[in-house]
Amino acid sequence: MNKDPRTIFDQIGYPKILVLGDLILDRYTWGNAERVSPEAPVLVLNVESHEVRLGGAASVAHLLRALEADVTLAGLIGNDANGRVVRRLIDEVGIESRLVVCDPGRPTTTKERFIGRAEGKHPHQVLRVDEESCGPLSADFTSQFLNGLADQIPQHTAVLISDYAKGVCTKELITEVIRLCRKSNIPVLVDPGRGTDFENYRGATLIKPNRFEAELATGRSIRTPASAICAAEQLRKQYDIEIAVITLDREGLVYATASENEHHPITAIEICDITGAGDTVLAILGLTISSRFTGRSNTTLRRIAALANSAAGLQVGKSGVIPISRADLLREAQKNCPVDPSARNPQARSIPNLRQTSNAKLISIQQAKRLADQHRREGRTVVFTNGCFDLLHVGHVAMLTEAAKLGDVLIVAINSDASVRRLKGMTRPIIAQRERAEMLAALACVDHVLIFDDDTPHRLLEGIRPDVLVKGGTTPDIVGREIVERYGGRIERTSEIPGLSTTIVLSRLQSTQSIPVEEPI
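Counting in my numbering, the sequence shown runs from -12 upward without gaps.
Be careful, since some hints might not be right.
[What the hints assert, rightly or not] In silico lysine-lysine, DSS-like type, Cα no more than 27 angstroms apart, as pairs:
{"id": "1", "residue 1": "158", "residue 2": "98"}
{"id": "2", "residue 1": "170", "residue 2": "392"}
{"id": "3", "residue 1": "224", "residue 2": "411"}
{"id": "4", "residue 1": "356", "residue 2": "392"}
{"id": "5", "residue 1": "224", "residue 2": "158"}
{"id": "6", "residue 1": "170", "residue 2": "158"}
{"id": "7", "residue 1": "98", "residue 2": "170"}
[Stated by the list, open to error] Label-pair ranges, simulated between beta-carbon atoms:
{"id": "8", "residue 1": "22", "residue 2": "184", "range": "40 to 48 angstroms"}
{"id": "9", "residue 1": "466", "residue 2": "141", "range": "40 to 48 angstroms"}
{"id": "10", "residue 1": "466", "residue 2": "134", "range": "29 to 37 angstroms"}
{"id": "11", "residue 1": "395", "residue 2": "137", "range": "51 to 59 angstroms"}
{"id": "12", "residue 1": "225", "residue 2": "137", "range": "23 to 31 angstroms"}
{"id": "13", "residue 1": "210", "residue 2": "137", "range": "40 to 48 angstroms"}
None of these hints come from the bench; they were simulated from the model.
Predicted model only: the values in this text are computed from it and were never measured.
The beta-carbon is built from N, C-alpha and C at its ideal position, and this holds for glycine as well.
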């Protein structure tokens, strides 16, 4: 009987994963390409928009963040404009970047793609322009990396190496990282660089080449899934690797371990762009394999492979690398793994780890400003509300649910503990600011949560400039109304639930303290 795919996520939790490798900035220029230049036999691209995305190892880190992992990224950027863009994008999605190092001696690796549409058909790449330096990491930077990695590796549940053969993943660095991981019993998963000697990856937990990379490494021609399994077996034995996975484009993937091997065909899909499929598979493998090593999950490799295939299928149906959420992946996985309703236990409900769940949604004030700008550029309506949210109750939940329906993105700002004390007195708050933020972040209707220390939200409103400012029905005055109305935003007040407020809840709690409680027998 097929098992409910959502149990995989229940067991995975929210692991802390370190991603090491080549950081790339992907630039996209979109436009119409419907005529040929009279100057030369080339297409003319009439530009409609520009876009920047994280690529390479940074793309793997971004995919993991979307899947609610806690991610640390290690890699190089240049001291240039593209490097600053990479740094900004990393910060915006909440990736820990203490191991992202600036090397002024090389440019930030950048791939710029020009993509044209014609006659309403799918867009296609017209040209790609690369800027890079593939020289090996210097001895100084290798030493700097290893010092940081030696400290950080034991604090993570898995290490993913995303080698794009741009110079960061030298044999010296990777050999030492694998040694450190094995010493701490931490799985290390490798997406190898094209043309790289697989001897560099000896002793890794898992290696995930594509068909072409596996052919180069084994000297085998991989024409069928059966020949791919033979190649995977060879890689595993030759390089002392526990699990070998080979991705096969339209044919899905194969894997081999000491005790089993299997082919997983991909679900029939319409392929738009194969970019990012390999990164997506690596992210899923890292997310799931790490939970097996920590003992949180007993998920079989067969189920992990099926989940990775589902994720890859979603990715190739999009243009460029697009982060996939757990909800998206669950819906796709359930199409291919139907659940027997009688197998579910209605009494068994997983309790979310609030501290980890909130991590993906908690943002700084500066991040809130950048994210709001980004959401508006992409045509989304930004909704904002603020308050103490002490003793979260059904009135709060109803207000937030109603607020979320007024736009596309809901940002919730909560008063810091110091701010609450100034506003409510020294006996408040009842719940500390971090825990209040985590409970709000656990609500599906809330997209971003931040903590602010001012007594009013005026500075936040001026920086974030939400399209809609929302307050609950029990609030007598809407602080900040004049700021939002001045720049053309609108004000909304949600429905009131009579007889329910934090003050009333506190009064009820205090009254119960005087009621005698019968001692247990």
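Consistency of the hints with the structure:
1. 158 - 98: Satisfied, since the Cα-Cα distance of roughly 25 angstroms is no more than 27 angstroms.
2. 170 - 392: Not OK: residue 170 and residue 392 at ~50 angstroms, beyond 27 angstroms, violated.
3. 224 - 411: Distance ~66 angstroms between residue 224 and residue 411 Cα, so the pair is violated.
4. 356 - 392: Measuring from Cα to Cα gives roughly 21 angstroms; hence the hint holds.
5. 224 - 158: Holds - the C-alpha atoms of residue 158 and residue 224 are around 20 angstroms apart, at most 27 angstroms.
6. 170 - 158: Cα-Cα ~18 angstroms, so holds.
7. 98 - 170: violated, 37 angstroms
8. 22 - 184: 40 to 48 angstroms: With a Cβ separation near 47 angstroms, residue 22 and residue 184 satisfy 40 to 48 angstroms, so the hint holds.
9. 466 - 141: 40 to 48 angstroms: Cβ of residue 466 to Cβ of residue 141: about 47 angstroms, so the range 40 to 48 angstroms holds.
10. 466 - 134: 29 to 37 angstroms: violated, 49 angstroms
11. 395 - 137: 51 to 59 angstroms: With Cβ atoms ~43 angstroms apart, the hint is violated.
12. 225 - 137: 23 to 31 angstroms: Given range 23 to 31 angstroms: holds, Cβ gap about 28 angstroms.
13. 210 - 137: 40 to 48 angstroms: Since residue 210 and residue 137 have Cβ atoms about 43 angstroms apart, the given range 40 to 48 angstroms holds.
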